[in-house]
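These protein sequence lines map, in sequence, to chains Y, R and B.
With our numbering as the guide, the letters of the first sequence map in order to residues 12 to 255.
With our numbering as the guide, the letters of the second sequence map in order to residues 11 to 298.
With our numbering as the guide, the letters of the third sequence map in order to residues 197 to 804.
Hint data in this document are derived by calculation from the structure and do not stem from the laboratory.
Please read these numbers as outputs of a predicted model, since none were measured by experiment.
Using N, Cα and C, we set each Cβ at its ideal position, and we do this for glycine too.
Careful: at least some of the hints might be erroneous.
[Stated by the list, open to error] Just the calculated beta-carbon pair ranges, DEER-fashion:
| id | chain 1 | residue 1 | chain 2 | residue 2 | range |
| --- | --- | --- | --- | --- | --- |
| 1 | R | G135 | B | N232 | 25 to 33 Å |
| 2 | Y | L28 | B | A790 | 50 to 58 Å |
| 3 | R | V164 | Y | Q144 | 18 to 26 Å |
| 4 | B | A790 | Y | S150 | 45 to 53 Å |
| 5 | Y | D239 | B | Q555 | 33 to 41 Å |
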Amino acid sequence: MSAGLEIRNLVSGYGELKIIRGLSLSCEPGQITVLLGRNGAGKTTTLKTVAGLLPAKEGEVLVFGEKQTGTAPKRVAAGMALVQEGKRIFRARTVEDNLRLGAYLQRRQRGFVDEGIESAYTRFPILKGKRNQAAGLLSGGQQQMLSIAQALMPKPKVLMLDEPSAGLAPAIVEEVFGSISDLKADGLCVLLVEQLIDNSLAIADRVAVLDRGTIQLESAVSELASWDVLREIYLGADVHVEKP
Amino acid sequence: MITTLSAGLSIGAIYAIVAIGYNIVFVASKVFNFAQAQFLMIGTFIALDAGARYGLPIPLAILLCAIVGAVIGALEEILAIRRLAGKGEHNELVTTVGVSTLMAGAALVIWGPEPIRTPYLTGLGQIQVFGSAVGVIDLAITAIAILLASGVAVVTRRSMIGLASLASSEDRDAAMLRGIDVKRMALGAFVVAGALVAATAPFVGAKTYATYHLGDGLAVKAFVALAIGGFGSYLGALIGGFIVGLLEMLGARFLGSEWQDISVFVLLLIVLLVLPKGLFGRTKERVV
Amino acid sequence: MTVKMSYRKFVRTPFWILPIALAAVLLVLPFTGVSNGTLRIIVSIALLSMLVVGLNMTFGYAGELALGQSALYAVGAYFAGYLAIHQWDLSLTLIIGIIAAAAVGIITGIPGIRLGSWSLAMVTFFLVLLVPKVAQLIPEITGGAAGLSGIPLPVLFGQKLDSTGYYMLVIIVAAIFIALLRNFVTSRHGAALKVMRESPVLARSLGMALPRLKLAAYMVGALPAGAAGALFAYQDGYISPGSFAFTVAIAILASSIIGGSESIYGAIFGAAILTIGPLRTTGVQEYSLLLFGALLVLGGIFFTGGLAGFLNKVIRSRFVDDELLPDVEAALGAPLPLEKVNGQDLEITDLKKAFGGNQALGGVSLSAKAGQVTALIGPNGSGKTTLLNIVSGFYNPDSGVIKIGGNHVTGFKPHRLAVAGVSRTFQSPLVPKSMTVAECVASARYARRRTSILADMLYLPSARRARREDREEAIRLLSILGIVEHADRRAFDLSLGMRRILEVARALAGDPALILLDEPASGLDESEVETLSNVIRRVSAAGGTIVIVEHNFEMIMSIADQVNVLHLGSIIASGEPQSVRNDPDVVESYLGKAAREQLERELAGGDK
């Protein structure tokens, strides 16, 4: 059985800069994998490269065994979805138009689109009441929910999220993470990049840590015994815990 | 006075038509196509040939103009604009001014320097409106601009393609992540804008005649219309165009014809410095 | 395989001899029996060169889409023509023409300070279209649409000039302006324009006042246009609005593109091609628009710096070697230690900043002492970047006090802060594309040591001294930081790690009271981080005040004297790196509660 999302030896960066230097990771359907790492380690670069916004210098990306070599729109057609950080919805358009745009590739299948909109409202009821409002008028949390709902419209097989908690109040983060966790039941492959470690590990099945351009640690969340490796990655090598 | 107003509206309508063309391209590709006005200019010559040489009825002439406009628009995007990706506004300016000059140069070589009457809709005469004589052609052109603006506005807002083009100008990456092929949007925009602007030529030509340097002043004044109405707004382009046209005609009537362009220039300066977003605009023109 | 010329010889070759020789040859031509028609063409090329060289100031060097040269041309021509009809001497009409054009250039440049590029371009195009309308407005002075006729033959210092005399005058005036403008662009003002074009943010952080710089470019660019106009008025004794039509503006732009917009000599090439070209192809003017258009499109797409840029690249790569210049070699052989850096203490008290509903900084206080490296760390959204941007003047704080060396600098704008001694680097190194490493470093001295535009244009001793001192200082700093062998390479060609060090050198060149480093290690590999860390340590050891925002904790551990941890807009820990690392609050902010609990257990269980 091929993994839902498989990344092999990815090398990527901006210009001559190589930020990712041989990253390999795979995610199974029905599972949430959380990708941790310091700022500037390349988590966003990884997601952008996998989604096709950034060209990979080397390596491969496969969705259920199929190699992805095209630009972003083609990968969307193949079942990949990326929710970027910063709530990148179309603020000048209405909530419902945003959802329709999410299903742009299926725009001619009226039934499919309408059904998708209804499920979005079922999943995030707050959006239904605002369906004709400009998306820019929504609160931060609502915009985040809209961006997830929008990405789910084409019924993707792989969903990637980049720091969905950014800028959200703790209670809203709980709500959003709850919705993300529910996606497991739909058989989606979820790759979650996050800074909030507590919340992410609560819903994730696997954890991977990106540092120095590759994956330094990968394991099932249940098997994560000690925090030392993580502390070392984020806060530098332990000299020795000084005692007075 | 009514005559002045109707003349102002119809001149303004011509500016609005070009401004609408600017908008269509700008919304989908964030490129400002200085050459847009030349599509109207080329259209008037195509209309000239369609009527005088081939004796086509006006609907076919409109179609022919639209086709030529679409083809030139496609050529412009594929050969010139596409290669500009990420090179900055300097290059965009130079290239679109270059295309504009090329089109004018081609018209000059093919049809010569003399302004020529276009054969369609001449001699429509005048009708009485509130006791003043108003040219029928003026009313027709004004109506066309209003139709065009509303038509494009509706299609943009209601159709998925229109929505997708608005989305891609708002956030290119986000649009791509939703499956929208931003590059094809840009090509489509150039083709549609070229076709629509050129298609109005059989009407506009009756008023402006066909002449190779029609485009220069048009390009600049249509920009003023856009600055007033706001980049990205079709209603704004229409109203902006009317304001410019009316100001021109009123200026000519009350101050003298030399003051025509000067008053529009002053208006441009005021609008750019005081109202950078225009009346209805959502984006300020990119400030580099 | 050609033998390459020594780079030293290349740099010392007085290339300006070529234009002088050209001018000398041209001056002699009338006496060699060349036809009047040819002389006329040369005059046209000379006048067009002056227009193009002026356009290059604003368009090529300053990067402003100000394309109204032909309007300034008209101003010069009408002023001079009118005065000439009233029997004024050419020496005076020429000067008045120049001043009038300069005045109009500055006035029309003022809106340009605030307008975006297309708006500016359209306003200037509109100006060009207005020339005939303005002429029609005051027909008593300008002759209206029919034009101004009856301009007498030029009278210079009381002497009547025949056509030969006029020709020689045009050549001399053109040569003078080309020389003046070349001095201008090779001076610090030219460097400042290049920096401004590359990044207005960088320019402001280096202390350049943008409005003033832009207006200087507009003024300098207007001078040759006015002179050209004044001379043009005498050519046929008649000028009309048609001579300044839109087509002329297009021709000027096309010449600039073809010759190379960022070049002085390129203007001559371009002008020559665009004057002779249309005349050669079927001899009919009909095709000139096609030619201009094609050149513009090709130039816009393959904008490689025009003919001048191409020649420069070819000559440099094929015919000149990579030899180091004498001062670079000397510096390489005897690396200098870093002397004293006059760092000042930074004191921030209760700084607050909110963006809309988001409180980015909720009352931050910290201090950075001279001779120390103070680090600022924290997760995304913690407010580090906001803090840095406030201290460097790009944001205004809502409340709070910032003092440097005891002096209040709260709310100062970036260029004022630069003058007060604040230097900063940026996350992506901002390095102008067409400058060498040494020139980049020297650009920081622009605001601290001023030279006048006039002195630079005339290449006065004070200007020459300033240039020499700039170079000496740049070489000195590059040598101290260990990258002097790259001094004359294009800054753009350096690796990322080197460019970061270059930015530190640039920061030092302004004799900084405070150096702000914004994530300097991002994208660097381990050895580059090591090199950079050494540089930073040396600067702080010499007395510099360094504030560094970073994510690379190893680097912080090895260089920071004090670490401040920001989280959601407040400082949650402050102290030495090791203690901060083991602070439970810090661990929780990065890794969450579970990690914190483990640490607390460790700290508690350690006591035996």
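> Between L28/Y and A790/B, is the Cβ distance one that fits in 50 to 58 Å?
Replying inline: 34 Å, violated
> Is the distance from the Cβ of A790/B to the Cβ of S150/Y consistent with 45 to 53 Å?
Replying inline: 29 Å, violated
> Is 25 to 33 Å a correct range for the gap between the Cβ atoms of G135/R and N232/B?
Replying inline: Distance hint for G135/R, N232/B is violated at roughly 56 Å.
>> Looking only at beta-carbon atoms, does the pair V164/R, Q144/Y fall within the given range of 18 to 26 Å?
In response: 21 Å, holds
> Do the Cβ positions of D239/Y and Q555/B conform to the proposed distance bound of 33 to 41 Å?
Replying inline: 34 Å, holds
Checked against the numbered hints above, the structure breaks hints 1, 2 and 4 and satisfies the rest.
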